[in-house]
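Peer 1: Using the sequences and the hints given, assemble the complete structure.
Chains A and B, in that order, are what the protein sequence lines are. Quick note: the first sequence uses my numbering, first residue 1, plus one each step. Quick note: the second sequence uses my numbering, first residue 1001, plus one each step.
FYI, nobody ran anything at the bench for these hints, they're computed from the structure. Hints may be right or wrong, so weigh each one.
The calculated DSBU-like cross-link candidates involving lysine-lysine, where the alpha carbons are at most 35 Å apart (straight line), are [stated by the list, open to error]: (1) Lys-1411/B <-> Lys-26/A; (2) Lys-1377/B <-> Lys-10/A; (3) Lys-1085/B <-> Lys-26/A; (4) Lys-6/A <-> Lys-1091/B; (5) Lys-1300/B <-> Lys-26/A; (6) Lys-1377/B <-> Lys-6/A; (7) Lys-1004/B <-> Lys-1476/B; (8) Lys-10/A <-> Lys-1411/B; (9) Lys-26/A <-> Lys-1377/B; (10) Lys-1085/B <-> Lys-6/A; (11) Lys-1091/B <-> Lys-26/A; (12) Lys-1091/B <-> Lys-10/A; (13) Lys-1411/B <-> Lys-6/A.
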Amino acid sequence: MSLQPKDVAKVAHLARLALNEADISKYSENLTNILGFIEQMNEIDTSHIEPMAHPLDAQQRLRPDVVTETDQRELFQTLTPHTEAGLYLVPQVIETKLEE
Amino acid sequence: MYTKTIAELIQGLRAKTFSSEELTRCYLDRIKRFDPQVNSFITVTEEQAMQAAKQADQRLSAGTAELLTGIPIAQKDIFCTLGVKTSCGSKMLDNFIAPYNATTIERFNQAGMVMLGKTNMDEFAMGSSNETSYYGPVKNPWDLNCVPGGSSGGSAAAVAARFAPAATGTDTGGSIRQPAALCNLTGLKPTYGRVSRYGMIAFASSLDQGGPMTQTAEDAALLMQVMAGFDEKDSTSVDSTVPNYTATLNDSLKGLRIGLPKEYFDEGLDPEIAKLIQTAIQEYEKLGATLHEISLPETKLSVPTYYVIAPAECSSNLSRYDGVRFGYRCENPQNLDDLYKRSRGEGFGAEVKRRIMIGTYALSSGYYDAYYLKAQKLRRIVSDDFRKAFTEVDVIMGPTSPSPAFQLGAKSDPISMYLSDIYTIAVNLAGLPAISIPAGFTHNLPVGLQIIGNYFSEAKLLNVAHRYQQVTDWHKKIPAGF
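Peer 2: The following block contains the structure:
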């Protein structure tokens, strides 16, 4: 399996990573080599094996549905200067201009 | 006093040979004097450390001190520390002041331990040489031209140079054991779920586990007593009794069955290391252990399996860094997509980006079965190999790393770097505990012996390590020039 520059660009988009044009061919080579290395997995037939998601095959623990976290919005919002009136600021997403 | 182990420092504090303030000052001075050549710390918390030491001295005088009260420690910069920068070795979190403490930090604070600072590491713990850090590589105190190993390279170098008596590390594919081996330390990776992951910045959640990096097995036992235990804030924390780790350190090894996997002694292993490991194993025979050849057939496949599972989980975990609520944000984003893409593109380094892309690809539509599901199936095979082995033997021994510390910049190809974890990775896939201990030197560079145990057998591993350290003195060697 080889990852061509256009495939790298697609994966980078899925992962929301901006890459320099110059870096894309380098990543294309790196990732192709890594995928080639990973292909070794196919040496083993695993058709009758159960996949293992957790080392101890443990069940997810449940807890009573009660509030345990207190509101710490002000503290958490000190982590970015991009807040206003308790909200996080990002570039405008929704068009506000109504069509005439 | 900086050459002393934690066990010895406890005696010194109790006997009032020195105070915690004097002790803390001694380590801070050493960091100031020598760390510019090693680069093992990202942040030194001098003021908080002196304050904590003062409080510890008060507790010691008042008789309210716990065993570890007043003992300094360095924390890997992956553990969130309230009010202190927690960077995870990344530009992405260079401006991140953690708003809460990791459970491990909280437990050490409760015990009255004194945090000296936050140690350097591979970016988001992705690396085996500490060269992927945004804060520059760490140098190995045994040879400043060599890497200390990774990802807990700063912690390993700091303890090796005696900038701290001990440190914490985290181990996703060998990140405690391999740097411990390359820096002549004792490093324990506990059973998955034994130590809380709450507040430990996630890389691959089904593999990550925190543990101690120390001079001796006895010190590792002392730290484990604080670190281990159930935490309701970690959904994969295991609720089972924590044994007294120091109580069984001196147990006899008579009749201990040691398994030697033939795959751990194949042609990929440095012959000098093979010799040293054989010598260490003979020492165990003298202590009454019996040797058994075993096989872990899929050892080789554990590396490609890991390099699907770990990147897949990393691509999911690292999706939280979006430039919106905390961490790095790019200049003048044109729109929301641009904000995400450039913040992430500029905030992450090359190795992190490679792994995010491998993970994204492996999880993307049409490829899931061929990569992630396949890897999870192989994970079970690797894990079953161990289960089978542990019906025949009590512990498994072999080298921690196929080579000693390598030169900075020597492994520029990602795959050759990945293969340096060949003996450690399978343990994480299976979720088992394992320890690396000093076992000699080749060309003046340390070599580590790895001991793997069954689930929740940390006390046994510490016992097996401790008995060896009673009859050898490799662990007492300190690099020249510090």
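Peer 1: None of the hints should be skipped; say for each whether it holds.
Peer 2: Going through the hints against the structure:
Simply put, Lys-1411/B and Lys-26/A have alpha-carbon atoms about 16 Å apart, close enough for the 35 Å limit, and the pair holds. Restraint check for Lys-1377/B and Lys-10/A: satisfied, since their Cα atoms lie roughly 28 Å apart, inside the 35 Å limit. Our distance criterion of 35 Å between C-alpha atoms is met by Lys-1085/B and Lys-26/A, whose separation comes to about 33 Å. Note on Lys-6/A and Lys-1091/B: the hinted pairing holds, with a Cα-Cα distance of about 27 Å set against a maximum of 35 Å.
At roughly 27 Å between alpha-carbon atoms, Lys-1300/B and Lys-26/A fall within 35 Å of each other, so this suggested pair holds. Note on Lys-1377/B and Lys-6/A: the hinted pairing holds, with a Cα-Cα distance of about 30 Å set against a maximum of 35 Å. Of the pairs offered as hints, the one joining Lys-1004/B and Lys-1476/B holds, with about 10 Å between alpha carbons and a cut-off of 35 Å not exceeded. The straight-line distance between the Cα atoms of Lys-10/A and Lys-1411/B is roughly 28 Å, inside the 35 Å bound, and the hint therefore holds.
Our distance criterion of 35 Å between C-alpha atoms is met by Lys-26/A and Lys-1377/B, whose separation comes to about 31 Å. With a C-alpha separation of about 38 Å, the suggested pairing of Lys-1085/B with Lys-6/A is violated against the 35 Å cut-off. Taking the CA atoms of Lys-1091/B and Lys-26/A, the gap is near 21 Å; set against the 35 Å cutoff, the hint holds. Taking the CA atoms of Lys-1091/B and Lys-10/A, the gap is about 24 Å. The hint holds against a cut of 35 Å.
Distance check on the hinted pair: Lys-1411/B and Lys-6/A sit about 28 Å apart at the alpha-carbon level, within 35 Å; holds.
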